[in-house]
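Enquirer: Model the full structure from these sequences, guided by the hints.
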Amino acid sequence: MIGIFIFCLIIVGVLSGSLAVILLKKAASKYPLRQLFFRRIFWEGVILFGFSLLLYVIILKREELSVVYPLSSISYLVTTILSVKYLGEKMTVWKGVALAGVMLGVTLIAIGS
Amino acid sequence: MAEKSSLSTGFLLMVACTIFTSSGQLFWKAGAVKINFYQPLTFFNAPFIAGCLLYVVGSFLMILALKKGELSILYPVIATSYVWVSILAPLFFPNESMNGWKWAGISIILFSICLLGWSSSRVTKVQEDLP
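From first to last, the protein sequence lines stand for chains W and S. Per my numbering, the very first residue in the first sequence carries number 1; after that it's consecutive. Per my numbering, the very first residue in the second sequence carries number 114; after that it's consecutive.
Any given hint could be a false lead.
Stated by the list, open to error - Quick list of in silico lysine to aspartate or glutamate cross-link-like pairs, DMTMM-like style, CA-CA up to 25 Å:
(1) 180(S) x 44(W)
(2) 147(S) x 64(W)
(3) 147(S) x 63(W)
(4) 142(S) x 89(W)
(5) 180(S) x 64(W)
(6) 61(W) x 209(S)
(7) 147(S) x 209(S)
(8) 180(S) x 89(W)
Just so you know, these hints were derived from the structure itself, not from any lab.
Expert: Here it is as C-alpha cells:
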C-alpha cells in the first residue's frame, strides 16, 4: 500500500507533465523554432516539464518502480484527454485501443519488475 | 501525401527522442547513488551530468517532433522508452533482468504504437481520397 502523500505527488507529477506537453505542443505548432526561445508559453512548458521530472525523481527514490510505473502511465490518458479538449484533436477508436494497450503494457512491465 | 510523410517523420523523431531520454535515465540511475540531497555538490558527478545532456537532446527532438503531427498520436510513442529501458537496464545493472512479464508488456506496447501509426496514416489517406 502506498501512502496518500506519494499518491498525491504522482498525480501532481502526471498533471504537470501532461500540461507541460500541451503547452510545448501549442508553442511548437505556433512559432518557428528560432522564435521559440523568446516565447513565454515555451518557457512555461519547459519549467512545468522540469518540475514534473523533479517530482518523478523524488518519487522514484521513495517508492517501488512497480507501483510508480502503472500510476504514471495515467499520463497517456490525461494527455490524450487534454489534447482533445484544448488542442481540438479528434478522438478515434484506434487511439483509444492503443492507449489501453500502452497502459496495459506498462502495467505488465511493472508486474515483472 | 505531404501530411502523411510529415507524421512518419514525427514518429521517427519521437522514437529517437525516447532513445536519448532512456539512455539519459540509465545514466541518471548510475549517477543517483552518488547524490546526497543535503550536499548539492554531489549532483555534479559525471554520469548524472551526462544523463542531463542526453535528456536535453531528447527533449529538443521531441519539440521537433511535435511540429509534425497531433499530440494524441505522437505522445503515446514516449512509451517506447519503457521498451529501451527494460532491454538496456539488465546490460548495465546486473541485478535487473528480463522475464516473461516484461517481454509481454514490451510486445503489447510496441503493438499498440504500431496500431496507432497504422490507423493514423490510414485516416490521413481516407481524408486525401475525399474530393
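Enquirer: Could you run down the list of hints and mark each one as holding or not?
Expert: Hints, one by one, checked against the model:
1. A hinted pair counts as satisfied when its Cα atoms are at most 25 Å apart, and residue 180(S) with residue 44(W) qualifies at roughly 18 Å.
2. This hinted pair checks out: residue 147(S) and residue 64(W) have alpha carbons roughly 19 Å apart, not beyond 25 Å.
3. Only pairs whose Cα atoms come within 25 Å are accepted, and residue 147(S) paired with residue 63(W) is accepted, the gap being roughly 18 Å.
4. Between residue 142(S) and residue 89(W) the CA atoms are separated by roughly 36 Å; this puts the pair beyond 25 Å, and the hint is violated.
5. Distance restraint check for residue 180(S) and residue 64(W): the Cα-Cα separation of roughly 35 Å exceeds the 25 Å cut-off, and the hinted pair is therefore not satisfied.
6. The hinted pair formed by residue 61(W) and residue 209(S) meets the criterion: a straight-line CA distance of about 17 Å does not exceed 25 Å.
7. Among the hinted pairs, residue 147(S) with residue 209(S) is consistent with the structure: their alpha-carbon atoms are about 19 Å apart, no more than 25 Å.
8. For the given pair, residue 180(S) sits about 14 Å from residue 89(W) by alpha-carbon distance, which is consistent with the 25 Å threshold.
In this structure, the hints that do not hold are numbers 4 and 5, in rising order.
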